[in-house]
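Single-letter residue listing:
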Amino acid sequence: MKLSRARLAPICLVAGALALAGCGAASTTSSPGTSTSGSGASSSATDQILRIPYLADMSVPDPDIFYDIEGNSVILSTYDGLVTYATGSTKIIPDLATSWTISPDRLTYTFHLRAGVHFHDGSVMTSESVKRSFQRRLAVNQAPAYMLRPIASMDTPDPLTFVVHLKSPVNPFIDYMASSWGPKVIGPGALATHAGSDHAQTWLQTHDDGTGPYELTAFDRGRQYVLTRSTDYWGTAPYFKEVLIKITPDIGTQQLELQNGGVDAIMHSFPASELNSLPSNVHAEEFPSFLRLLLYVNTNKPPFDNPAVRASLRSDVNIPQLVAEAYSGTATPSIGAYPEAILPNQPKLPYAPDTKLATAGAKAASTKNITLAYTADESGVQRRVGELIQADLAQAGWKVTVKEVQLPQVYGYVNNLKAAPDLMLQTNTPDASHPDTWARILFDSTGGLNFLGFKDPTVDSLLNKALSAPAAQATSLYQEVGQDVVNSNEIFFLGDVKNVFVLNKDLTGVEQVPAYPWTVTLADLKRAAG
Amino acid sequence: MASLIGRRLIALVAVMFGLVVIVFALQAVIPSDPVRAMVGASASPAVVAQERHKLGYDKPLPERFVDYLDRLAHGNLETSLRTRNPVTQDLGTFAPATLELALSAAALAAALGVGLGLLLVGGGRPARLLRLGLIGGASIPTFLTALLAILVFYSTLHLLPASGRVSDTLVLPNGPTKLLLVDSLLHGEPNLFWSAFVHLIMPAFTLALLPALAIARTLATSCEQIMREDYVRTARSKGLRERRVLLRHALRNAAGPALTMSGLQFGLLLGGIVVVEQIFAWPGLGLYLDQSIAYSDFPAITGTTLLLGAAYVVVNFTVDLAQAWADPRIRTV
Numbered sequence: 001m002k003l004s005r006a007r008l009a010p011i012c013l014v015a016g017a018l019a020l021a022g023c024g025a026a027s028t029t030s031s032p033g034t035s036t037s038g039s040g041a042s043s044s045a046t047d048q049i050l051r052i053p054y055l056a057d058m059s060v061p062d063p064d065i066f067y068d069i070e071g072n073s074v075i076l077s078t079y080d081g082l083v084t085y086a087t088g089s090t091k092i093i094p095d096l097a098t099s100w101t102i103s104p105d106r107l108t109y110t111f112h113l114r115a116g117v118h119f120h121d122g123s124v125m126t127s128e129s130v131k132r133s134f135q136r137r138l139a140v141n142q143a144p145a146y147m148l149r150p151i152a153s154m155d156t157p158d159p160l161t162f163v164v165h166l167k168s169p170v171n172p173f174i175d176y177m178a179s180s181w182g183p184k185v186i187g188p189g190a191l192a193t194h195a196g197s198d199h200a201q202t203w204l205q206t207h208d209d210g211t212g213p214y215e216l217t218a219f220d221r222g223r224q225y226v227l228t229r230s231t232d233y234w235g236t237a238p239y240f241k242e243v244l245i246k247i248t249p250d251i252g253t254q255q256l257e258l259q260n261g262g263v264d265a266i267m268h269s270f271p272a273s274e275l276n277s278l279p280s281n282v283h284a285e286e287f288p289s290f291l292r293l294l295l296y297v298n299t300n301k302p303p304f305d306n307p308a309v310r311a312s313l314r315s316d317v318n319i320p321q322l323v324a325e326a327y328s329g330t331a332t333p334s335i336g337a338y339p340e341a342i343l344p345n346q347p348k349l350p351y352a353p354d355t356k357l358a359t360a361g362a363k364a365a366s367t368k369n370i371t372l373a374y375t376a377d378e379s380g381v382q383r384r385v386g387e388l389i390q391a392d393l394a395q396a397g398w399k400v401t402v403k404e405v406q407l408p409q410v411y412g413y414v415n416n417l418k419a420a421p422d423l424m425l426q427t428n429t430p431d432a433s434h435p436d437t438w439a440r441i442l443f444d445s446t447g448g449l450n451f452l453g454f455k456d457p458t459v460d461s462l463l464n465k466a467l468s469a470p471a472a473q474a475t476s477l478y479q480e481v482g483q484d485v486v487n488s489n490e491i492f493f494l495g496d497v498k499n500v501f502v503l504n505k506d507l508t509g510v511e512q513v514p515a516y517p518w519t520v521t522l523a524d525l526k527r528a529a530g
Numbered sequence: 001m002a003s004l005i006g007r008r009l010i011a012l013v014a015v016m017f018g019l020v021v022i023v024f025a026l027q028a029v030i031p032s033d034p035v036r037a038m039v040g041a042s043a044s045p046a047v048v049a050q051e052r053h054k055l056g057y058d059k060p061l062p063e064r065f066v067d068y069l070d071r072l073a074h075g076n077l078e079t080s081l082r083t084r085n086p087v088t089q090d091l092g093t094f095a096p097a098t099l100e101l102a103l104s105a106a107a108l109a110a111a112l113g114v115g116l117g118l119l120l121v122g123g124g125r126p127a128r129l130l131r132l133g134l135i136g137g138a139s140i141p142t143f144l145t146a147l148l149a150i151l152v153f154y155s156t157l158h159l160l161p162a163s164g165r166v167s168d169t170l171v172l173p174n175g176p177t178k179l180l181l182v183d184s185l186l187h188g189e190p191n192l193f194w195s196a197f198v199h200l201i202m203p204a205f206t207l208a209l210l211p212a213l214a215i216a217r218t219l220a221t222s223c224e225q226i227m228r229e230d231y232v233r234t235a236r237s238k239g240l241r242e243r244r245v246l247l248r249h250a251l252r253n254a255a256g257p258a259l260t261m262s263g264l265q266f267g268l269l270l271g272g273i274v275v276v277e278q279i280f281a282w283p284g285l286g287l288y289l290d291q292s293i294a295y296s297d298f299p300a301i302t303g304t305t306l307l308l309g310a311a312y313v314v315v316n317f318t319v320d321l322a323q324a325w326a327d328p329r330i331r332t333v
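Chains as they are written, first to last, in the numbering used here: chain A, 1 to 530; chain B, 1 to 333.
The set of hints was computed from the structure by calculation and includes no laboratory data.
Worth double-checking, as some hints may not be accurate.
To be verified - Just so you have them, the derived chain A footprint on chain B, three or more residues with Cβ under 8 Å:
hint: 1; region: 10-16
hint: 2; region: 20-27
hint: 3; region: 100-114
hint: 4; region: 284-292
As the list claims (entries may be wrong) - Pair by pair, the computed Cβ-Cβ distance ranges are:
hint: 5; chain 1: B; residue 1: T221; chain 2: A; residue 2: T217; range: 35 to 43 Å
hint: 6; chain 1: A; residue 1: T401; chain 2: B; residue 2: S3; range: 27 to 35 Å
hint: 7; chain 1: A; residue 1: S277; chain 2: B; residue 2: S139; range: 41 to 49 Å
hint: 8; chain 1: B; residue 1: N76; chain 2: A; residue 2: T206; range: 18 to 26 Å
hint: 9; chain 1: B; residue 1: S3; chain 2: A; residue 2: T217; range: 30 to 38 Å
hint: 10; chain 1: A; residue 1: A192; chain 2: B; residue 2: P173; range: 44 to 52 Å
hint: 11; chain 1: B; residue 1: S139; chain 2: A; residue 2: R149; range: 43 to 51 Å
hint: 12; chain 1: B; residue 1: S44; chain 2: A; residue 2: A364; range: 37 to 45 Å
hint: 13; chain 1: B; residue 1: A46; chain 2: A; residue 2: K301; range: 54 to 62 Å
What the hints assert, rightly or not - Computed list of chain A residues with no C-beta within reach of chain B, every gap over 10 Å:
hint: 14; residue: R51
hint: 15; residue: I92
hint: 16; residue: G122
hint: 17; residue: R221
hint: 18; residue: R223
hint: 19; residue: G262
hint: 20; residue: H283
hint: 21; residue: Q346
hint: 22; residue: T371
hint: 23; residue: G397
hint: 24; residue: P408
hint: 25; residue: Q409
hint: 26; residue: Y413
hint: 27; residue: G447
hint: 28; residue: A471
The structure displayed is predicted, hence computed values, not measured ones.
The beta carbon of each residue, even a glycine, is placed where N, CA and C say it ideally should be.
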C-alpha cells in the first residue's frame with residue numbers, strides 16, 4: 001500500500017509524540033510528581049528539596065497581616081520574633097533576643113538582642129529594626145496589631161537593647177511576643193525602599209525581608225511558594241536547600257502524591273481513619289496541640305434558652321466514645337475549659353452520658369427540631385463528629401438537622417442570633433500559650449470566636465481583672481472564668497486534637513510547638529541517608 | 001451578520017448585569033461577615049469597623065450595588081478580601097491557566113466528539129457497543145473520572161503527574177501570553193513545553209469527556225437524519241462511496257445541532273473547571289473561585305463569575321457564527 005504525504009504526516013506526528021512520551025515515561029518511573037520536568041536535577045539536588053502541600057493559598061506572607069493557620073510555616077521560616085517557645089512545651093526561650101528582663105511593676109520589658117544577625121537583604125538587625133517593625137505593625141493595624149496596643153513607648157538605648165514600656169501590666173505580653181502571629185522583625189531598609197503608600201504591604205505580599213532560616217524567593221499564588229535556604233542565617237543552617245510549598249487543594253491528591261513521592265509530608269487534615277493503614281513508605285507522627293473541638297450552644301432562642309434543657313446536653317453525648325470514634329486516637333477528651341498545658345489544675349468537666357437525664361431534657365424542650373452546624377474541613381472529621389452527636393441526640397428524642405457552613409457565615413451569626421443554628425461545632429486554637437489568649441477570644445462578650453453570643457458580665461469583669469493581676473491571682477481568676485463558662489452550658493469542651501503529620505519514612509527531625517498548629521520547624525527537618 | 005453581532009453584544013451586557021445582581025442578592029441572603037473573617041478573631045471591634053468602612057461594607061446593599069456598577073464601568077472589580085490584590089490583577093494571574101485548560105479541553109472535546117460521532121454513524125455492532133459505552137461514560141461524574149485517572153495514570157502506571165500546571169522545579173516565563181504551551185515554544189524551552197503538556201493531559205481529558213460524549217451523540221443523531229435525505233440518496237445513486245457521502249455532503253449539514261450542543265457543553269465545561277482544578281491542583285479560576293467562596297470573598301466571587309459568564313456568552317456567540325457558516329440560511333435570520 002502506498003502512503004500519500006497527507007496520510008504520512010499524521011502518522012509521523014503520532015509516532016513522534018509516542019517517542020517523546022516514551023522518553024517522558026522513562027523518567028517518571030521513580031517519582032512521577034517531580035521528574036516529568038526534564039529539568040535535569042540531579043538526585044543529590046532533589047534530595048535537598050523538601051516538598052510539602054498546602055490545601056489552600058495563604059492569605060498574604062506579611063507577618064503584620066497574616067492571621068490564618070495555613071501559611072504559618074512560611075512566616076515562621078522566613079521571620080524571627082524576639083522570643084519563641086521551646087519544642088514541645090510552653091516555655092519561652094530566646095530567639096532574636098538572647099535574654100530579657102521584666103521590671104517589678106511589669107511595665108517595662110528590656111530585650112537584649114542577638115549580635116550579628118542579618119536580614120535577607122544583608123543588612124544588620126539592630127534595636128532600631130525591632131522598633132520600626134513594631135511601629136509598622138501598629139500602623140498597618142490589622143488583626144495581629146492587638147498584641148502591641150498595650151505599648152506606651154519604645155526605647156533603643158543601644159543597638160542591641162530594645163525596651164518596651166507598657167501602659168499597664170499585661171500578663172500575656174511576653175506570650176504575645178512568642179506567638180506564631182506575634183511581632184516579627186522586618187528589615188527596615190526593605191520597609192523604607194518599598195514603603196509606597198501602604199507601609200510596604202504590596203511588596204510584602206510576594207517578598208520577605210526577615211532574619212529566618214529561609215528566604216521567600218517565589219510566591220506564585222495558586223501554584224507554589226519557594227523558600228530558599230538563607231546563606232547568612234544566624235542559627236544552624238537548615239538541611240534542605242529549598243522548600244517547595246505546593247497548593248494542592250484536594251486531600252486525596254495529596255495522599256496519592258505522598259504515597260508516590262511527589263510530596264514529602266502532609267501537615268494536616270489527613271483522614272484519621274486512614275492512619276492505621278498507611279503505605280509502608282510513609283509514617284505518622286503525632287504531637288500535642290492546643291486545637292480544641294468545641295460545641296457552641298445558641299441560648300438566644302428556644303429550646304436552649306432554657307437552662308435546664310441546656311444542662312441536659314451534658315448527659316446526651318458519650319464524649320470519650322465520640323472522640324475515639326471520630327478521631328481514631330488523634331484526639332483526647334478535653335479535661336477543662338482551657339488546654340491543660342496553659343492552665344493546669346482545672347476542675348474536671350461535668351459531662352457524663354445518662355439516658356434518663358438526656359431524655360428528660362429533650363422532653364422538657366419546647367421544640368425538638370434543632371440544627372447542628374459544623375465548619376467545613378477537608379479531613380471530614382467535623383462532619384463525622386456532627387453525625388455522631390446527631391445520633392446521640394436522636395436517642396434522647398431530638399430531631400437534629402446537620403449542616404455544613406463556611407467560616408465567614410459563622411462570623412455573621414452574631415448579627416442575627418435568632419437565625420443562627422442551635423448548636424455549632426468548631427475547632428479553635430489560642431494565639432499563644434497563655435490562658436488569656438484563649439479566654440478573651442472565646443468567653444469575653446466581644447470575643448472574636450464567641451460566635452453564638454455568650455454573654456456574662458461577671459466573666460468580662462474577671463477577664464479584665466486577670467489581664468493585669470499578679471500571676472497567682474490571675475491564674476485563679478482564669479480558673480473562675482473557666483468554671484463559670486462550664487456551668488453556663490453554653491460552650492462544651494469536647495476534645496483536644498493532636499497535630500498529626502504524615503511524612504515520608506526518610507524524613508526526620510520533626511519538631512513541633514503546641515502553640516503553633518499544623519506547623520513543624522522546617523529548618524529542623526532532614527532526610528535520612530540511604 | 002451585523003445585527004447578529006449587535007444582538008449578542010446586548011445579550012453580553014444583559015448577562016453581565018444579571019450575574020452582578022445575582023451575586024449581590026446572594027450577599028444579602030447568606031448571613032456572613034467576610035470583613036470579620038478577613039481581619040481575624042482577635043481584631044478589636046474598632047479594627048473591624050474601620051475595615052468595614054474602608055471596604056464600603058457599612059453601606060446599604062443597594063448603595064454598594066450602585067458603587068460596584070460604577071467601578072465596574074471603569075474596569076475596577078474591587079480588591080480581594082483574601083489576597084488583598086485588585087481582583088483584576090488576580091484574574092490576570094489565574095485566568096491564563098484556565099484559558100489554556102479550557103481551550104485544550106474544548107479542542108479535545110470537539111475532536112473526540114466528531115470522531116466518536118462519525119464512528120457511531122457507521123452503524124453495525126461496533127456502533128451499538130460504542131453507543132452503550134457512551135451512555136455509560138456520560139453517567140460517570142467528573143470528579144470520579146478525575147480520581148480514576150489519577151489512580152491509573154499517576155499512581156499505578158506512573159505515566160502522568162497528578163497535580164499542578166508544570167513541574168515544581170521549573171521557573172515559569174513571564175508571558176507574553178501566559179499560556180505555557182505557547183510561551184515555552186516562544187522562549188525555546190522544550191522541557192517546559194513537555195512538562196506543561198504532560199500536566200495538561202489528565203485535566204483536559206477529564207474536562208473534555210462529558211462534552212465530547214454529548215457532541216458525539218448529537219452529531220450521530222443529526223447525521224443519521226441527514227443521511228435519509230433525498231440529496232444524500234442522489235449522491236449515493238451517483239455511485240459515491242458512503243464515506244465520501246458522509247464527509248462531503250452530510251457532515252456540514254448535520255453540524256448545526258452539534259455546534260449548538262458544543263456551545264451548551266462549553267457552559268458545562270466551565271462548571272466542571274472548579275472540580276477539575278481542585279482535584280488536579282490546577283492554578284486557575286476554578287481554584288481561585290473555590291478558595292474565594294470559602295472566604296466569602298465577594299469581590300473575587302463576583303469578578304470570577306463575570307469573567308466566566310462573559311466567556312460563556314463569547315463562546316456561544318462564536319458558535320452562532322460557526323452555525324451561520326455551516327448553514328447560510330441562519331445569516332439572514
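Status of the hints after comparison with the structure:
no.: 1; hint: 10-16; verdict: violated (count 0)
no.: 2; hint: 20-27; verdict: violated (count 0)
no.: 3; hint: 100-114; verdict: violated (count 0)
no.: 4; hint: 284-292; verdict: holds (count 5)
no.: 5; hint: B:T221 <-> A:T217: 35 to 43 Å; verdict: 56 Å, violated
no.: 6; hint: A:T401 <-> B:S3: 27 to 35 Å; verdict: 53 Å, violated
no.: 7; hint: A:S277 <-> B:S139: 41 to 49 Å; verdict: 30 Å, violated
no.: 8; hint: B:N76 <-> A:T206: 18 to 26 Å; verdict: 21 Å, holds
no.: 9; hint: B:S3 <-> A:T217: 30 to 38 Å; verdict: 55 Å, violated
no.: 10; hint: A:A192 <-> B:P173: 44 to 52 Å; verdict: 32 Å, violated
no.: 11; hint: B:S139 <-> A:R149: 43 to 51 Å; verdict: 59 Å, violated
no.: 12; hint: B:S44 <-> A:A364: 37 to 45 Å; verdict: 40 Å, holds
no.: 13; hint: B:A46 <-> A:K301: 54 to 62 Å; verdict: 29 Å, violated
no.: 14; hint: R51; verdict: 7 Å, violated
no.: 15; hint: I92; verdict: 19 Å, holds
no.: 16; hint: G122; verdict: 23 Å, holds
no.: 17; hint: R221; verdict: 6 Å, violated
no.: 18; hint: R223; verdict: 4 Å, violated
no.: 19; hint: G262; verdict: 6 Å, violated
no.: 20; hint: H283; verdict: 19 Å, holds
no.: 21; hint: Q346; verdict: 22 Å, holds
no.: 22; hint: T371; verdict: 13 Å, holds
no.: 23; hint: G397; verdict: 29 Å, holds
no.: 24; hint: P408; verdict: 3 Å, violated
no.: 25; hint: Q409; verdict: 4 Å, violated
no.: 26; hint: Y413; verdict: 7 Å, violated
no.: 27; hint: G447; verdict: 8 Å, violated
no.: 28; hint: A471; verdict: 22 Å, holds
Checked against the numbered hints above, the structure violates hints 1, 2, 3, 5, 6, 7, 9, 10, 11, 13, 14, 17, 18, 19, 24, 25, 26, 27; every other hint is satisfied.
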